[in-house]
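*Asks:* What follows is the residue order along each chain.
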Amino acid sequence: MPDLGFRKNVMGPQPIAERTATPPEMLEAANRFLQLLAEADADGLCAMTVEQTRDEVSRLAEAVRQAGPYNENRIVASARTNRHYWIKAELKASGAKPFLVQLRLGEHDGRWKIWETMNLTDARSAWTR
Amino acid sequence: MQRFLPVDKLARPENYILVSLDRMRQARVDQGLTPFNAMPYEEDFLRARLHGICAGEMQAMEAAGRTLFDFPDAPWEFQLDMARQVWDESRHAEIYMKLLEYVGSYLGEFPESEVLWSCTQVDDPACRVAGINRGLEGLACDVFEQLIRLAQKMGDPVIERAVDYVLADEITHVRMGSKWMRKLTEGDPERLKRAQQFQENIDNLFNFSGGRTTQEEAAQVHQKLGDKEIEFDSTLTIAREARLLAGFNEEEIERLVKAASRSAAY
Ligand SMILES: [Fe+2]
Ligand SMILES: [Fe+2]
Numbered sequence: 055m056p057d058l059g060f061r062k063n064v065m066g067p068q069p070i071a072e073r074t075a076t077p078p079e080m081l082e083a084a085n086r087f088l089q090l091l092a093e094a095d096a097d098g099l100c101a102m103t104v105e106q107t108r109d110e111v112s113r114l115a116e117a118v119r120q121a122g123p124y125n126e127n128r129i130v131a132s133a134r135t136n137r138h139y140w141i142k143a144e145l146k147a148s149g150a151k152p153f154l155v156q157l158r159l160g161e162h163d164g165r166w167k168i169w170e171t172m173n174l175t176d177a178r179s180a181w182t183r
Numbered sequence: 062m063q064r065f066l067p068v069d070k071l072a073r074p075e076n077y078i079l080v081s082l083d084r085m086r087q088a089r090v091d092q093g094l095t096p097f098n099a100m101p102y103e104e105d106f107l108r109a110r111l112h113g114i115c116a117g118e119m120q121a122m123e124a125a126g127r128t129l130f131d132f133p134d135a136p137w138e139f140q141l142d143m144a145r146q147v148w149d150e151s152r153h154a155e156i157y158m159k160l161l162e163y164v165g166s167y168l169g170e171f172p173e174s175e176v177l178w179s180c181t182q183v184d185d186p187a188c189r190v191a192g193i194n195r196g197l198e199g200l201a202c203d204v205f206e207q208l209i210r211l212a213q214k215m216g217d218p219v220i221e222r223a224v225d226y227v228l229a230d231e232i233t234h235v236r237m238g239s240k241w242m243r244k245l246t247e248g249d250p251e252r253l254k255r256a257q258q259f260q261e262n263i264d265n266l267f268n269f270s271g272g273r274t275t276q277e278e279a280a281q282v283h284q285k286l287g288d289k290e291i292e293f294d295s296t297l298t299i300a301r302e303a304r305l306l307a308g309f310n311e312e313e314i315e316r317l318v319k320a321a322s323r324s325a326a327y
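Heads up: the protein sequence lines correspond to chains A and B, in order.
All residue numbers for the first sequence refer to the working numbering, where the first residue is 55 and numbers rise by one.
All residue numbers for the second sequence refer to the working numbering, where the first residue is 62 and numbers rise by one.
This is chain A alone, in the form it adopts within the complex (with noise of 0.2 Å):
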């Protein structure tokens, strides 16, 4: 669709505030949760996750395990809830069927932190129940 977003060289009304910046350090944390999920390191893992989320986390990393391992990984989207960002990523290495997981990352204690996942590499989306 034309004429989307900041133009100046169109007519019309230009936008009135500017978009939310994506804060690198969630970024940064995603990138290394998906470095240390892609080693099943389960431990790494779970000092990056609130608490009442880290047996999800184990059970992540043993699904990762098995199918994996992984030496590459691509973050595929991102979007927020408020203050709290959804990541769907994707784990690759050659011979293994590709690893899709969606996170939830939060700020907590002053430090991004995993606060959800699901594991959609078998599902046919998010809203699979």
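Derived by calculation from the structure, the hints in this document are not laboratory data.
Cβ atoms here follow ideal geometry from the backbone N, Cα and C, with glycine treated the same way.
A hint or two may mislead.
[Said to hold, decoys possible] Part of the chain A face toward chain B, derived, beta carbon under 7 Å:
1. 138
2. 179
3. 181
[Claimed, not checked] Pairs of lysine-lysine residues, derived as DSSO-like cross-links and limited to a Cα-Cα distance of at most 27 Å, are as follows:
4. B:70 with A:151
5. B:254 with B:240
6. A:146 with B:70
7. A:167 with A:146
[What the hints assert, rightly or not] Pulled from the structure, derived: some chain B residues nowhere near chain A, Cβ distances all over 12 Å:
8. 70
9. 163
10. 179
11. 203
12. 214
13. 279
14. 281
15. 288
16. 301
17. 314
Fit chain B with the ligands to the supplied structure of chain A, relying on the hints for placement.
*Replies:* Relative to chain A, chain B with the ligands alone:
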């Protein structure tokens, strides 16, 4: 092509975040916010609200198309109404995509939930129009009316007029829903009751436990919107006028208001 497309088979681009309503609500609770949609006093209200609407417009477009496809034996006039609605909703989606850019957002900034699409799982067209056209699009009338008032307070004619154009269409969609809910269930009170029940479930899902009041009862709070500071509703309001125009009767509106205040009790 498959009829009654399941919720998780609705196609979306890979780089798009889908989150179920339950998880979205949990994400808000974890941040100390009310579990339902962004409230008027939140910093992100305009962005988040317009985003939710835009996703809703797209699903409304898809749902009306699917309702046309899923019920090939429905009356031809019903199918024509659904086809018209597809066209309306596609324009709404475009309008809201532009409004998103206007308020410093973009499609995909927030996740998309499955709420509207889940109404397409019901196998009776009378229930579909009751749930979507009367339930969800009735709710859209409330939401749009509040946005228009907010834009008026902000002195923003772009949002005010754009949303007003869309509201005019939504009112016809609700009327269309009422018409077909009655026509399709003529002589079958049981079926009518099921459709009304289905709509009531949708209404209750969005009662927001006291997060909704009438426009008159909405407490006013100080809010900062960009560089403007205004007094505005602290709750989501029920738009009596727009709902009357859309063909809801006083009794139906009163029931909605009562249900909203009742759920405030627990
Ligand atoms: Fe619409
Ligand atoms: Fe509509």
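*Asks:* Check the non-interface label on residue 301 of chain B: least C-beta distance to chain A beyond 12 Å or not.
*Replies:* Holds, since 30 Å exceeds 12 Å.
*Asks:* Closest CB-CB distance from residue 314 of chain B to chain A, is it above 12 Å?
*Replies:* 31 Å, holds
*Asks:* A cut-off of 12 Å on Cβ-Cβ distance, and residue 163 of chain B was said to be off the interface with chain A. Does that hold?
*Replies:* 5 Å, violated
*Asks:* Would the least Cβ to Cβ distance between residue 70 of chain B and chain A come out above 12 Å?
*Replies:* At about 6 Å from chain A, residue 70 of chain B fails to clear the 12 Å cut-off, so the statement is violated.
*Asks:* Holds or violated: residue 167 of chain A and residue 146 of chain A, Cα atoms, limit 27 Å.
*Replies:* Given that 27 Å is the threshold and the Cα spacing comes to 23 Å, the pair holds.
*Asks:* Need the status of pair residue 70 of chain B, residue 151 of chain A: alpha-carbon distance at most 27 Å?
*Replies:* Since the Cα atoms of residue 70 of chain B and residue 151 of chain A sit roughly 21 Å apart, the hinted pair holds (cutoff 27 Å).
*Asks:* Min Cβ distance, residue 181 of chain A to chain B: is it shorter than 7 Å?
*Replies:* Holds. Min distance 4 Å.
*Asks:* Measuring from the C-beta of residue 179 of chain A to each C-beta in chain B, is the shortest one below 7 Å?
*Replies:* Check passed: Cβ of residue 179 of chain A comes within 4 Å of chain B, closer than 7 Å.
*Asks:* Any Cβ of chain A at or closer than 12 Å to residue 281 of chain B, or is the non-interface label fine?
*Replies:* 23 Å, holds
*Asks:* Non-interface claim for residue 279 of chain B: all C-beta distances to chain A beyond 12 Å?
*Replies:* 22 Å, holds
*Asks:* Holds or violated: the hint that residue 138 of chain A contacts chain B, with Cβ atoms closer than 7 Å.
*Replies:* With a minimum Cβ separation of about 5 Å from chain B (threshold 7 Å), the hint on residue 138 of chain A holds.
*Asks:* Would you assess whether residue 179 of chain B, listed as outside the interface, keeps its beta-carbon beyond 12 Å of every beta-carbon in chain A?
*Replies:* Violated, because the least Cβ-Cβ distance between residue 179 of chain B and chain A comes to about 9 Å, which does not exceed 12 Å.
Hints 8, 9, 10 and 15 from the earlier list are contradicted by this structure; the remaining hints agree with it.
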